[in-house]
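Using the hints provided, position chain W relative to the given structure of chain D.
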Amino acid sequence: MKKMMIKETCEDTRLELRLCPPGDGLYSIATAHGTGCPPKSPMSKSSNKRVAQPHAVVGWPPVRTTRKNIMTSSNSTKVKVPADGRGDKKTSPDQENSLYVKINMDGVAIGRKVDLKAYDTYQKLSSAVDELFGGLLAAQGVSSFGITNNRRDISNGLLDGTGEYTLVYDDNEGDRILVGDVPWDMFISSAKRLRVLKTSELSAIRQRDT
Amino acid sequence: MFPEEVLEHVFSFLTSHTDRNSVSLVCKTWYEMERWCRKRVFIGNCYAVNPKVIIKRFPEVKGVELKGKPHFADFNLVPEGWGGFVWPWVVEFAKGYPWLEEIRLKRMVVSDECLEIVAKSFSKFRVLVLESCDGFSTDGLASIASHCRNLRVLDLRECEVEELSGHWLSHFPDSFTSLEVLNIACLGSEVSFSALERLVARSPKLKTLRLNRTVPLEKLSTLLQRAPQLIDFGTGSYSAEIRSDVYSSLKDAFSSCKNLKSLSGFWDVTPAYLPVVHSVCSQLTSLNLSYASTQSPELTKIRLVVLDCIEDTGLNTVSMTCKDLRELVVFPSEPFVGDAEVQLTEQGLVSVSQGCSKLQSVLYFCRQMSNSALISISKNRPNLTCFRLCIIEPTVPDYLTLEPLDVGFGSIVENCKQLTRLSMSGLLTDRVFEYIGTHAKNLDMLSIAFAGDSDLGLHHVLSGCDSLRKLEIRDCPFGDKALLANASKLEKMRSLWMSSCLVSFGACKLLGQKMPGLNVEVIDERENLNSLPEYAPVE
Chain D
22 MKKMMIKETC EDTRLELRLC PPGDGLYSIA TAHGTGCPPK SPMSKSSNKR
72 VAQPHAVVGW PPVRTTRKNI MTSSNSTKVK VPADGRGDKK TSPDQENSLY
122 VKINMDGVAI GRKVDLKAYD TYQKLSSAVD ELFGGLLAAQ GVSSFGITNN
172 RRDISNGLLD GTGEYTLVYD DNEGDRILVG DVPWDMFISS AKRLRVLKTS
222 ELSAIRQRDT
Chain W
239 MFPEEVLEHV FSFLTSHTDR NSVSLVCKTW YEMERWCRKR VFIGNCYAVN
289 PKVIIKRFPE VKGVELKGKP HFADFNLVPE GWGGFVWPWV VEFAKGYPWL
339 EEIRLKRMVV SDECLEIVAK SFSKFRVLVL ESCDGFSTDG LASIASHCRN
389 LRVLDLRECE VEELSGHWLS HFPDSFTSLE VLNIACLGSE VSFSALERLV
439 ARSPKLKTLR LNRTVPLEKL STLLQRAPQL IDFGTGSYSA EIRSDVYSSL
489 KDAFSSCKNL KSLSGFWDVT PAYLPVVHSV CSQLTSLNLS YASTQSPELT
539 KIRLVVLDCI EDTGLNTVSM TCKDLRELVV FPSEPFVGDA EVQLTEQGLV
589 SVSQGCSKLQ SVLYFCRQMS NSALISISKN RPNLTCFRLC IIEPTVPDYL
639 TLEPLDVGFG SIVENCKQLT RLSMSGLLTD RVFEYIGTHA KNLDMLSIAF
689 AGDSDLGLHH VLSGCDSLRK LEIRDCPFGD KALLANASKL EKMRSLWMSS
739 CLVSFGACKL LGQKMPGLNV EVIDERENLN SLPEYAPVE
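Chains D and W, in that order, are what the protein sequence lines are.
For the first sequence, our numbering assigns the number 22 to the initial residue and increments by one for each residue that follows.
For the second sequence, our numbering assigns the number 239 to the initial residue and increments by one for each residue that follows.
In isolation and in its complexed conformation, chain D is listed as follows (with noise of 0.2 Å):
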């Protein structure tokens, strides 16, 4: 049976494969047939330079997904900390020492991903949290006050629902659950996501415990 299918993938820089940097390398060889061989120059050039980041290529090495983290934080010496404060880089899989997690925020569109393994103490992932939103909270021009662009510290209150948003998050068995209650460990071990929930929202269920 005769059948050509064309498809065109609705995402996707991963079919796009770069051993060199971008602007450089295999796409432009690509619309150069048939002349000589081209790959040559930019091969060798890379593995003459001694590439720094063997990850940088999509699918390669060829291990699984379920292998990519098997080096866990029970190692201290082995733990790696971001760069810089902020636990939202973009994604790489192959940080083995991490632990990202999506949050959202009520009010803003976009999420955001934190690793939780960057920080260990709740006061920390508060301040993280108020880091990743207030600029975004801030840039919506969302303010009860009328004032725009003023950006507000999240973090103050976060975790004793005592400010205008409350952290909570999803467990592995698909509870929701107030962040703080539990030894840092524990949260982290069982944290699927995160959610920053106007604490008016959740007053029902404050009143209900006290």
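Quick caveat, the hints were computed from the structure, so don't treat them as lab data.
Each residue gets a CB set at the ideal place from its N, CA and C atoms; glycine is no exception.
Misleading hints may appear alongside valid ones.
As the list claims (entries may be wrong) - In silico BS3-like links for lysine-lysine, alpha-carbon gap of 30 Å or less:
hint : chain 1 : residue 1 : chain 2 : residue 2
1    : D       : K123      : D       : K138
2    : W       : K277      : W       : K294
3    : W       : K499      : D       : K89
4    : W       : K561      : W       : K596
5    : W       : K445      : W       : K362
6    : W       : K457      : D       : K138
7    : W       : K457      : D       : K213
8    : D       : K89       : W       : K344
9    : W       : K277      : W       : K358
10   : W       : K708      : W       : K730
11   : W       : K344      : W       : K362
12   : D       : K145      : D       : K213
13   : W       : K266      : W       : K290
14   : W       : K277      : W       : K362
15   : W       : K561      : W       : K617
16   : W       : K752      : W       : K730
17   : D       : K145      : D       : K123
18   : W       : K457      : D       : K89
19   : W       : K344      : D       : K213
20   : W       : K708      : D       : K89
21   : W       : K752      : W       : K290
Said to hold, decoys possible - The calculated label-pair distances, taken between Cβ atoms and stated as ranges, are:
hint : chain 1 : residue 1 : chain 2 : residue 2 : range
22   : D       : I198      : W       : E435      : 24 to 32 Å
23   : D       : W205      : W       : E641      : 49 to 57 Å
24   : W       : W325      : D       : I198      : 33 to 41 Å
25   : W       : R481      : D       : I198      : 27 to 35 Å
26   : W       : F240      : D       : R85       : 47 to 55 Å
27   : W       : E330      : D       : R214      : 37 to 45 Å
28   : W       : R436      : D       : W205      : 33 to 41 Å
29   : W       : R481      : D       : W205      : 18 to 26 Å
30   : D       : V203      : W       : S430      : 16 to 24 Å
Just chain W, lined up with the frame of chain D:
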């Protein structure tokens, strides 16, 4: 001419699919006879044939095995939504094979609805094996558990499962006692331990039990005590505070498993707990420590899967003690780090090739290789059937001479005449393909990446490798010429994958026109006549 009854009886001894396929080609009578008595059908490429055709040809089938996505899908090279959906097959099977007993799928997309249909349509259903599949959730598993009264095998091998709840296990009714294989190692979330314990307790025929990482070490002995008849056991997380009561109950539990042949799991190992398995070590034939980042084993195996933390010294020990070793797999502990801290080099593999005379199959990740090492390995082990070498950084040359590794791999194909599977890496020119085309006459599957100089490389392979059926190529300068010149070869193959090579869209169209029996598919995000096409699977 033999009477039909005799032929049928003879055919019943043929279990290999290749044999059955050959038999059906002898003559029309044999074709007819064979199709009526085929009980298991294997479809290596789900797009090769329409399910209705299979059902029509083989009406008495009890077991089906299907494969979907190409191998490189494992490494994220195939886009989401590409295909491999089992739905159309399951729908047809529900109509055409009401007595179906076994379904085995590899790299297919399986939805919860599919699982529900399977659970409800086949009253004699016994075996479900899903390998590298995705698309379903624990709800689908709950359907299977609820309805498959005679289930013997539930084997989830490295699947991606949406884990909505750990309670799906409780859906197996109390009257359900037929389970023989349960493999849930790929699940990331907790399953209800009490349901698991009760299930194990009422499954006297349970032979394989592979737990997932969330089952804690402290609870392992409880399970093992309920299943001393196990042959294949996979632990959960293997780490806990060191406590003598935990230690001794584990030790007792393992020693009561007299039939244990295979051990795996061992996530997050606390080395102090490893000696509890020593009592069973001598009877093990397979040991998978590939999630255990420690250096351990002095254990005699037939199949050993480890991380590179074992280092050259560990492999040297293996070469001296594991005299029955047939298969060695060494995975990288830190695949994305440029310079490794582990001392694992080509030397480890050379030692094993020297000491383990029965070694047939190798999958080895390392960071350096030399032609002389490859030559030694090939001369030490001419009985190799599978040789897969991955040097972590692409296009590295022989680290001693800085030459390409052509001669080394050439030696492998020349000396290992029974080689059926080969994966190469490192700096390779067209020359290596000339060696392969000349010598690798039994090669069935070849994987190539970042290799070769020109179309000549591909031409050597396609024209020389008589037995080649699966070829996967990425990032090689192979283009239209070799592909079109060897179009007729493609018809004899199961599949060809080419990504990031130099094949033009025009050539793909031409290929499709020239060879109407082939499925030619192009995946590319730009629609442009001169664009670089990425994919061509072949029937």
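Tested hints:
no.	hint	verdict
1	K123(D) with K138(D)	holds (13 Å)
2	K277(W) with K294(W)	holds (13 Å)
3	K499(W) with K89(D)	holds (28 Å)
4	K561(W) with K596(W)	holds (7 Å)
5	K445(W) with K362(W)	holds (20 Å)
6	K457(W) with K138(D)	holds (27 Å)
7	K457(W) with K213(D)	holds (24 Å)
8	K89(D) with K344(W)	holds (21 Å)
9	K277(W) with K358(W)	holds (21 Å)
10	K708(W) with K730(W)	holds (10 Å)
11	K344(W) with K362(W)	holds (22 Å)
12	K145(D) with K213(D)	holds (18 Å)
13	K266(W) with K290(W)	holds (21 Å)
14	K277(W) with K362(W)	holds (14 Å)
15	K561(W) with K617(W)	holds (18 Å)
16	K752(W) with K730(W)	holds (15 Å)
17	K145(D) with K123(D)	holds (17 Å)
18	K457(W) with K89(D)	holds (27 Å)
19	K344(W) with K213(D)	holds (28 Å)
20	K708(W) with K89(D)	holds (26 Å)
21	K752(W) with K290(W)	holds (27 Å)
22	I198(D) with E435(W): 24 to 32 Å	holds (26 Å)
23	W205(D) with E641(W): 49 to 57 Å	holds (53 Å)
24	W325(W) with I198(D): 33 to 41 Å	holds (37 Å)
25	R481(W) with I198(D): 27 to 35 Å	holds (29 Å)
26	F240(W) with R85(D): 47 to 55 Å	holds (49 Å)
27	E330(W) with R214(D): 37 to 45 Å	holds (39 Å)
28	R436(W) with W205(D): 33 to 41 Å	holds (34 Å)
29	R481(W) with W205(D): 18 to 26 Å	holds (24 Å)
30	V203(D) with S430(W): 16 to 24 Å	holds (21 Å)
Hint violations for this structure: none, all hints satisfied.
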